[in-house]
Every structure is written in structure tokens, then in C-alpha cells.
Amino acid sequence: MKIKRIWFADDRIYGETDDGRVLWQSLLYYKRLKNATHEQREDYEIDDEGIYWPLLDEDVSFESFEYEDPEPTGISLIFLSHPELNAVEIGKRLGISQGLMTQYVNGTKKPSAECEREILQEIKNTANELQLVCV
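Numbering of the sequence shown is given in my numbering, commencing with residue 628 and proceeding in unit increments.
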């Protein structure tokens, strides 16, 4: 599969494939593209593997357009929507490696239901600790 044309709308990147399908992904996965100007987004190159924005140093693979979840969900949505939360540090508090936590945030791996509950609880615990400090 190859993307032959791209466009942006509603915080998403859309791609039309060489076989006529229209696929999309959330720009939450691509902060540099999300925060880019129209002109920066339009300055891209397409090769055999994907799309590259040289000024932004951002790559989007064709393969990523076919991932299971084009929109982040669960803890991925929380961390991508709230970059002020440090996912790696939350993971450390739970004994989750940096690499695995990064995969959870990027949506390339999904935590078990129990692990997701533990992560959500640790976010709440951190919020409670912050409330005590801010009194």
C-alpha cells in the first residue's frame, strides 16, 4: 500500500491510497504536525516507505495508516492529550520500563485491563499528591 495524496482536517491527517481508499490518523500521535503551520504541513516528500516533513523532521509511515486505532484511546489518549503528564515517570512508579510505557502512550502496544487500571490509579494518586502540595 502506498499513499499518493495527503491532507489535513479536524486534527487528523488523511491519506488516499494508490487503490483509492481514504485512511486517517489522529494528529495527537504527531505533535510536530499538530502544531505546524499550514505551510510547514505542505512541505513534505513521499517516498516508498512513507511521508517526510524535512523542516519538521517528522516521518509518517504508510504502514501506520493501517494501524488498528487511528485515534488514541485509554491511557494513550490521556498522555497524548496532556503532555504535561510525564508517562515515563508514572511508569517508573509502577515498575513499568520506559520502552514499554512509551509503546503504551504511542498506541503500538496495549496494556492489559489490570495494568491500565493501575496506570490510571497512579495518575489519580499523583493528582492527589499535587493537590496536597498546592493547599
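Treat the hints as calculated values from the structure; they're not laboratory data. Check the hints yourself; a few may be wrong.
With a straight-line Cα cutoff of 30 angstroms, these simulated DSSO-like cross-link-like pairs (lysine-lysine) come out [stated by the list, open to error]:
#1 Lys737 / Lys751
#2 Lys719 / Lys737
#3 Lys736 / Lys751
#4 Lys719 / Lys658
#5 Lys736 / Lys631
#6 Lys629 / Lys737
#7 Lys719 / Lys629
#8 Lys751 / Lys719
#9 Lys719 / Lys631
#10 Lys658 / Lys737
If you anchor each label on the Cβ, the simulated ranges turn out as follows [what the hints assert, rightly or not]:
#11 Glu756 / Gln667: 35 to 43 angstroms
#12 Asp646 / Glu756: 27 to 35 angstroms
#13 Glu698 / Ala740: 14 to 22 angstroms
#14 Asp645 / Lys736: 40 to 48 angstroms
#15 Ala754 / Leu682: 31 to 39 angstroms
#16 Glu690 / Leu721: 24 to 32 angstroms
#17 Lys629 / Asn752: 43 to 51 angstroms
#18 Ile673 / Val762: 51 to 59 angstroms
As the structure is a prediction and not an experimental result, all values here were calculated from the model. Just so you know, even glycine gets a beta-carbon here, dropped at the ideal spot from N, CA and C.
Would you pick out the hints that fail for this structure and give their numbers low to high?
Checked against the structure, the hints that fail are numbers 7, 9, 12, 14, while the rest are satisfied.
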